[in-house]
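Throw the hints in and build the complete structure from the sequences for me.
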Amino acid sequence: MDLRAIAMGLLFALIWSSAFTSARIIVEAAPPLASLAVRFAISGGIGVVLARALGHSWSLSRAQWRAVIIFGVCQNALYLGLNFVAMQWIEAGLAAIIASSMPLIVAAANWAVFRERLPAIGVLGLFAGFGGVALITAQRLSGGVDATGVALCLIGALALAVATLSVRGASTGGGSVLMVVGLQMLVGSAALLPFALVLETWEVTWSWQLGVAFTYTVFAPGLLATLIWFVLVSRIGATRAATFHFLNPFFGVAIAALILGEALTGADILGVAIIAGGILAVQLARVGNAGVR
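Under this note's numbering, the first residue of the sequence shown carries the number 1, and numbering increases by one thereafter.
These are computed hints drawn from the structure, not numbers from a lab.
All of these numbers come straight from a predicted model, not from anything done at the bench.
Idealized CB from N, CA, C, for every residue including glycine.
Be careful, since some hints might not be right.
Said to hold, decoys possible - Distance windows between CB atoms, simulated: (1) Arg117 / Leu50: 38 to 46 Å; (2) Gly288 / Val198: 44 to 52 Å; (3) Ser142 / Gly45: 21 to 29 Å; (4) Leu50 / Thr265: 40 to 48 Å; (5) Gly55 / Val204: 32 to 40 Å; (6) Phe114 / Ile155: 19 to 27 Å; (7) Thr215 / Ala120: 40 to 48 Å; (8) Leu270 / Leu54: 32 to 40 Å; (9) Leu54 / Asp146: 26 to 34 Å; (10) Thr265 / Ala120: 28 to 36 Å; (11) Ile69 / Gly288: 30 to 38 Å; (12) Ala120 / Val198: 46 to 54 Å; (13) Gln209 / Val123: 43 to 51 Å; (14) Ser142 / Leu3: 37 to 45 Å.
Here's what the structure looks like:
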């Protein structure tokens, strides 16, 4: 793995983790599903227009369209939609910690269902990672955190894991990464908009903080992070790229504490370290397997 790939992985993890803090600011002032639908419409529209301006076609292969639809619905509408709703009641740091279990869920399914070989260190990492999530969640629940919000975040992580497993082996196939990213966003917007219209009251408390958070969310997590992820995967492969997920729990809670002033307990710090160590052990084990094959 070269220095450019490492820099891309670090930047992706930082932007991905920061999205929970900006989302928390947004949902405190605006309806979550409507905000997300508008964000996806803007991000997706920009992505598609830029891709067309660069001469790329939206004539994708069947596998690409399948990935666009699955990720548009599962990642953008379900995973992010449920997290945005949940963060009306739970803190950004906790949402980031629960979301960080996604690569553990994928690795566990690959091992248990698809019979992917996983060395002992990887299996221990799985149990440690899930144990860390359970430790933090149980500690927060005993402290009075909203159980519905936690459940929505868990369902969201499962939805993203299912999407990831559903398109195993899929790639952009030489097509436009930017076009694929933009179309995924538009699918997510279309999936969320009916629910936003029916279930929410479109009332917004305007402020400069909301403007900054929304603009950042549109361009950084919305377009830049997704684009970096696709390029990183094409450069070093999905298994190696996923190794950078071990940084997400650290970055997620650190950014939320720094910007939002969210408190951290000793159990939180211990749990985050356990989760990060578990994710790193699993991904390094899988990288080793990929190298052997």
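Taking the hints in turn, this is what the structure says about them:
no., hint, in the structure
1, Arg117 / Leu50: 38 to 46 Å, "41 Å, holds"
2, Gly288 / Val198: 44 to 52 Å, "49 Å, holds"
3, Ser142 / Gly45: 21 to 29 Å, "44 Å, violated"
4, Leu50 / Thr265: 40 to 48 Å, "44 Å, holds"
5, Gly55 / Val204: 32 to 40 Å, "38 Å, holds"
6, Phe114 / Ile155: 19 to 27 Å, "22 Å, holds"
7, Thr215 / Ala120: 40 to 48 Å, "47 Å, holds"
8, Leu270 / Leu54: 32 to 40 Å, "47 Å, violated"
9, Leu54 / Asp146: 26 to 34 Å, "44 Å, violated"
10, Thr265 / Ala120: 28 to 36 Å, "31 Å, holds"
11, Ile69 / Gly288: 30 to 38 Å, "33 Å, holds"
12, Ala120 / Val198: 46 to 54 Å, "50 Å, holds"
13, Gln209 / Val123: 43 to 51 Å, "44 Å, holds"
14, Ser142 / Leu3: 37 to 45 Å, "44 Å, holds"
Checked against the numbered hints given earlier, the structure breaks hints 3, 8 and 9 and satisfies all the rest.
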